[in-house]
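In order, the protein sequence lines correspond to chains A and B. Residue numbers for the first sequence follow my numbering, beginning at 126 and rising by one. Residue numbers for the second sequence follow my numbering, beginning at -17 and rising by one.
Fair warning: there could be bad hints in the mix.
[What the hints assert, rightly or not] Listed next, with one range per pair, are the computed distances between beta-carbon atoms:
hint: 1; chain 1: A; residue 1: L398; chain 2: B; residue 2: M(-17); range: 22 to 32 Å
hint: 2; chain 1: B; residue 1: S103; chain 2: A; residue 2: E513; range: 48 to 58 Å
hint: 3; chain 1: A; residue 1: V452; chain 2: B; residue 2: S33; range: 42 to 52 Å
hint: 4; chain 1: A; residue 1: D746; chain 2: B; residue 2: P615; range: 16 to 26 Å
hint: 5; chain 1: B; residue 1: L354; chain 2: A; residue 2: S451; range: 34 to 44 Å
hint: 6; chain 1: A; residue 1: A329; chain 2: B; residue 2: E238; range: 29 to 39 Å
No wet-lab data here; the hints were simulated from the structure. No residue lacks a Cβ here, since even glycine has one placed at the ideal position from N, Cα and C.
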Amino acid sequence: MEFTCLSRGGCFYFPPCHMFEVCGFRIQFDCPMDFSALPIFSPVPLDFYVISDEELSTHPGNGSFNLENVSEEKIEKPLDVGSLIKAEPWYKIINNLRLWNPSFTDIVLISSPMGMLGLPFLTREKDFSAKIYATEATARLGKMMMDDLIAMHMEFKQFYGSEDDATPQWMKQEELELLHHALKEVAFGQDEADLGGWMPMYCAADVKDCMKKVETVRYGEEACYNGALVIKALSSGLEIGACNWTINGPKRNIAYISSSIFSSSNAMNFDYLALQEETIIYSDFSSVESMNDILNDTSGPLTDNLTALSSNEETLANLLSDPAESVGESEKLSFICSCAVQSVESGGSVLIPINRLGVTLQLLEQISASLDYSNLKVPIYLISSVAEELLAFANVIPEWLSKQRQQKLFSGEPMFAFVDLLKEKRLHVFPAVHSPNLLINWQEPCVVFCPHWSLRLGPVVHLLRRWCGDPSSLLVLEKGLDAELALLPFRPMSMKVLQCAFLSGIKLDKVRPLLKVLQPKVVMLPENLSRLINTNTESFTVFSYSEGETLRVPNLKDSLELEIAPDLAMSFCWRKLQQGNIDIARLKGELSLNCGKFKLLAENAHVATDQRPLIHWGQPDLKKLLNVLSKMGIEGSLQQSDAESSNVGVIRIHDPTEAVIEIQESRTIISVADKKLSARIFDAVDSVLDGV
Amino acid sequence: MTIDCLVLGAGQEVGKSCVVVTINGKRIMFDCGMHMGYLDHRRYPDFSRISASRDYNTVLSCVIITHFHLDHIGALPYFTEVCGYNGPIYMTYPTLALAPLMLEDYRKVMVDRRGEAEQFSNDHIMECMKKVIPVDLKQTIQVDEDLQIRAYYAGHVLGAAMFYAKVGDAAMVYTGDYNMTPDRHLGAAQIDRMQLDLLITESTYATTIRDSKYGREREFLKAVHNCVASGGKVLIPTFALGRAQELCILLDDYWERMNLKIPIYFSAGLTVQANMYYKMLISWTSQKVKETYTTRNAFDFKNVQKFDRSMIDAPGPCVLFATPGMISGGFSLEVFKRWAPSKLNLITLPGYCVAGTIGHKLMSGKPTKIDLDKDTQIDVQCQIHQLAFSPHTDSKGIMDLVKFLSPKHVILVHGEKPKMVTLKERIHSELGIPCHDPANNETVSISSTLSIKAESSSMFIQSCSTPNFKFLKRNLNDKINSKELSSKEGGTSSMFFRRRSNPHVKHLNRNLDEKFDSSLSCGPELEVSDDRVNEGILVMENGKKTKVVHQDELLLLLGEQEHEVRFANCSPIYFGSLDDTHVMDCISRKSLWLSQLSSKLSSELSDRNVQNFGEYLQVESFTLSICSKESCPYRTTNRIENESAAAFYCCSWLVADEVLAWQIISILEKHDLSST
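For reference, chain B alone in the conformation it holds in the complex:
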């Protein structure tokens, strides 16, 4: 089985995130973003690559949106309302609540201000949002019979989530954008450790490692404070949601602490309305904000007021949050035009600006003039402060996440190519995980897990979970176990061929009994080990479910009779020719010999348990007895030189103990007991 991963956007670039993943036949679209830097067809992902016939409803199982940023959701109304996708769309509650604001804001900028032809209307946005199924964090959602998805907290912005998707045994995570360190209003990304075949992660800061946030925050506050103290105006171009709230909390706190009275403005009703949403979605914010909301909601800003267009040229210092970020147009551009020429004023720029925006131009070098279009030129005299904090994880965070999840494969998206290549090498070399960084419209195929399902008998499971004690290195207690003797069946052959139908259990019981009997004599020398042996037998019958059974159940299952295959051998052995052996009767001589053999073997085979049952010795399945028969069928030589000092020993074993058996035989062959 394979997982095919078609990157429609954000491949080796930032913008229009869109990855279509096919897992075991289920196709999921992760994010449906638009590119802010383009105005032509390159603005949207090339959806036709999913389905040439443009029948998206049959080829896609679902669409998952990770968060409300336009480069992750911007193309969604176009995809649903214009391209006609009708299937399920999943996003978190905050994303669903805030996405329409973002989309509508963007649409207005495009249509009303730039006068572009409308890509989608307000109705489209509303219709599109009706198709969305909101999800909660960690909630396991069964999209259809086979496809399961789950959202995990991602930090980044309110409601941002990483998504886990599972089809059969194949599982993957798509991170969207995430932040591994908590900030003022959001927590850090959080995910469970899981078995993953694939991790698709963003890599905006693939090579950056950031220092403490505290210093960066102080720098920002100092810049703002200095500016307003000297009577300047501060323009903070941000998107209405996310950074705006974070910076607002920061400033509001600082204003409170420093007892500043200079007004902080929000440019549009949009941000004010957004704050209302933030208040209701408290459970998605950071722990600290959550804990204090009953006494004071962190989004009730004390020093923040609404801004009116007429106040642009009003005298006196102020701080203004204006949309959109990156000064790509709209109100922030309008204000920028007016405020940029003054040296007193300050413009703060976000950590990342898409190529083609004014923000990007301001970031690259320190231009004094900016050409807006061929007729307009802006004189830039103001101070520029680049915000060094970003809601994206840095490279350490990415590495930490990859290491934590240890997926079988990693795909990098949402980053800049050279940096991604560096990170790719690191992941490959440091973590040993194959890593890919496909470009847009490329497909990466990786193999996925397919485990075999079987029906297992309870006996097998039980045998696996019962401890399998072994008692090692103990002195053999020569005392005859009367219990064993009495229960033993008569006849020579039966003692040879003792059936050990359940070796583990019997072995265990016997050992336990003996442990009890001989605990006084050899207690301290007992060494107990618990090696769980999980052995079973897999039975696959045509047209039936594969079964796993315990060895003892197999014959019953097959309806067969066991046919035991044993090895046997009967060889001569020489004992010391002590005089008194003559006097002894046959039986006592036998038992004397046996105990001699027993102690001999015990000392040679220190890791085995040699047991003496009076009439025979046993080591695992190997049994040995003194053979007094005239002609034994297993005898290879028939000559014995000294009848009183030598005897035949008959032994028998199962194939499992083949090595052991030959070892014992060679011990007995080599060693002449008469010499000891």
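Chain A extracted, bound-state conformation:
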């Protein structure tokens, strides 16, 4: 088994990506899109006048300077809105992925809607033939996110006019030289080496084509790949439809743990007990990400209080399902709500560009409740090209939701509060900011949920331009986003900004208890994480991996499980060995591999004949052999040739015909002219030896 981490990802919207080979199959985990470089582009400008004006001022290379002069003499200006690239943005895929020939990938496993945004780039490759597995809900949500992305990107296309496929102007070397160093760092990494992976946006046809290649599964459904691997998706709790995977092959049982949340308020909870497999690939980087900040302050190892972990199952289970986590999350949401209410009270509007379906659905509920409580009658808008579809979908998928939501179904209530909000006309859903209905209904102050979290795409850009100067309005952002850069085009900002980190994975202190519960034999941990948690005392072997390195994990067992069909088993001729406690039989059948299990079935054409042993071992006892022969009516005498060993010699047969049995150290030779007699002598020799 070989494992290569292609990318450790970055945040909730950019999950990790791995490539891994097992049982001769190549499996890719997730195919996200890297939005980290998107902020170097300017959002869609308001009009052409602005762009041409700024173009002149920021491009000194236009006239008198030549390039060398610029780079030597120019003292870089501070980063401002003019530094951003004004062109149709390109997007990045995972750079390392380009080193792998997509035609050799057999399976792609998608763990979350975010993990499939880069998929159309992959599936439009000519030789791509892998089978893509995703849960039904992930596939639907992922498709909606891709559709929305295309719709939002369309705004750029319409503004800049459609470009031909040639490399865009901004990508030319001399243009890149002129780029502000801060932007270069964002786009090309610290050493500016990360040049590759830029892609123009895919189109609707690419998405449609991609979705045709996706095989959807339900939670707990066994999908059998090629008879050899049984693949199962199990809820991870991160988002509706998000999952972890188990892969069961004849040689190995693997569990892949992506970012997971133990108890989620919308999605079905993290089904960790189903992940008890021998090999675990741990791919939740969220704790490492969040640890990076804290690590600077604490010098001592964090693991001290964990070393005395009890192995009591119940305590472990309690520790894992600790409600503190979800309490913390709902406190965060309440805080956002109270801030929102404050803003609305002071006449400002609230803008929430968060693309997490779970958070959106919950905030919708809580904010509307808070507004009710404060007796504020302000409209809530949900603006996105797929908003209507999204809500309709969320209301028909009880099988993918948390226990609390399901309970609402069983007690005959709508599963989400938005159903009533829509009915009461407090929530309005529009496909875009310029929808005619929106213009008619628009009221301020209001609360708006809209994409895109990068603040470069979608309705958020227009609303932010409108409200950025209003000190009583509120913008809710997710932590992890470089707010400085993201807000650059909207300077000066008088608007309040609230940055909030939402739970997006397994917390560090739960990693060890989780592994303890799962009891694997081998665990693959991200390098940073394996340093943070003390695993020396554990019973499993840890392999730590880092980005771009290939890890080889040795096989755990040499033997494989084989099932023998009962009708075949009935036909065996058993033979007891001389030493007594071993029975042995020759078997012949048809080997089949189905659902990761080897089975030996009876051959149809095969007629069982009494087969004679083909292989012998041991030492024949000459006296015993003579005895056996005489019992069979074959008379002979021993002609001892070598006095040293009683087991070596020649037996001459006189009756019924002449024959010779030559017994040597490791071989016996029967020499008879008569066919029948030779067969009988063989039987006699066989009876004094072990054989099969």
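Following the hints, put chain B in place on chain A, whose structure we already have.
Relative to chain A, chain B alone:
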């Protein structure tokens, strides 16, 4: 191992479905229904037969409910709350959502209207439902370490499922009720092909074969339209869930198409609430409904309104859906009493009515008077239309499913005895599958699969999966293979007793080499076959896991030395007494003879590969060389008449090629080469 199947209900009848199956020690109850036709103890399955001590929790591993119809779930609250079963109960999401509605509706009819003593209360229903674990389709659920269950789509009603259960190697499917053809709001049953020991299937329409649904639908719509057009009222007694939605979609569509404005009513809040559930459970409906729900949810009926009791006697035409179906009581009976006397009105009846209900009485003949009880008599003048569509599969569907799954045994339940017997015979004669139709409280025992588990070495698996090419019918290339000669060990005996430790692989390699060498001379005549020979050796040691190894690994595993048993023979053979053989030296004479023998054998043994290695010939394990020894121990006759024209040939073989060896010897004996 056996699978014991105790039929507690729906054995040779329809009603109170309940089958308790014991597979390899795990006991599962499939369905827990009640009988609509009885009011006494026969209403429920006789649970005491599962456990005399009534300790159901220890004897049952789980209860599985296939769908929300009362004859499949009606006894569940009684079983859990009154009989005290506390173990796991599995049903699909829609069943769990809709079952309480059905149960509560039934309880109300029983208690509030008929004034019967309460069998279970509303709290009982709620408590019972709390114990249920909802399952999704195709989700594999590990009930305990050994028992695995999985639901498959069954059509029939929303959320109906067939259940697969597996313990060890023994596996079975219980279908519940199913429909093999899609209808307006539900898809057709869908299941994977699996190895099954037992299939328990419903057989409601064991002998019926239905024609196209389209015609039957049109008939129904025509009847309804005619009635309302002439000012009549249409009563459609149905259960709140299932048929109601199906017919509603049908009528709503038709109303839209024909631009009809006559009101369609739903009798109670129940059906309205049920429609809300249907809207949320869209993913369990038919493909068409699923695809269109974002634009228009098929369960948002445009022409359907709520009905109020006061409207029973209101003038003018209307269509009314009223519960319960089969007019066994409740509101549908109330309306029936009022509407039946008018000739203008129409009553539609479902395809199947349980004996004892008014529906059943109306179906059998055309009564003009119906005795409700000893005091009440209803005058029946209205038209009666029997719905010819039913959400059950017909006999073709049953046969198709049985054929598709090809289980080792079939048990029929949920049907009428004479029809079941006919179907049983068909399954037995046409498909060759043993089939049973036990009556209630009978047990059927069948044997189950038990395959042997062994630990297999990678080498065995590899040897099974590597192609085992054979090159047949090729002319032997007499050219001496120099490679083989050089690698050969010296000495006469070693060439006799070449160890062929891995016959398959060596054989293959050698053939491939030769193929390369001689591809020019004999390429087109080469015939390649790939017979996978999956041979291995099973080793069973006391107290250890059974192992399967490749033959080559066996001795290593046992720690033994091989002792080869060979046959040998040395016989004279006569060659042509050509003059120039005298002149030739011994070695060249030998090689001439050998090549003569080689071509001889090649022509005789056309399907074998005869190889000439210069000093000896080889066919499989049979080796042959010219023996020049004075006295060979394997010689049976010592006389040779003409030294220059005859020689001894020494041959040796393994037992595997015994037949071949004697064949070659007889060829050589019979044929005097001097004559050619």
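Given a hinted range of 16 to 26 Å, is it respected by the beta-carbon distance of D746 of chain A and P615 of chain B? About 22 Å separates the Cβ atoms of D746 of chain A and P615 of chain B, which means 16 to 26 Å holds.
Taking the CB of A329 of chain A and the CB of E238 of chain B, does the distance hold inside 29 to 39 Å? Between A329 of chain A and E238 of chain B, where Cβ atoms are some 32 Å apart, the hint holds.
Taking 34 to 44 Å as the hint, is the beta-carbon distance of L354 of chain B and S451 of chain A inside that range? For S451 of chain A against L354 of chain B, whose Cβ atoms are near 58 Å apart, the range 34 to 44 Å is violated.
Hint says 48 to 58 Å; check whether the CB-CB distance for S103 of chain B and E513 of chain A agrees. Violated - the Cβ-Cβ distance for S103 of chain B and E513 of chain A, about 43 Å, lies outside 48 to 58 Å.
Is 42 to 52 Å respected by the C-beta to C-beta distance linking V452 of chain A and S33 of chain B? holds, 44 Å
Cβ distance range 22 to 32 Å for L398 of chain A and M(-17) of chain B, holds or violated: Distance hint for L398 of chain A, M(-17) of chain B holds at roughly 29 Å.
When the structure is compared with the earlier hints, violations turn up for hints 2, 5 and for no others.
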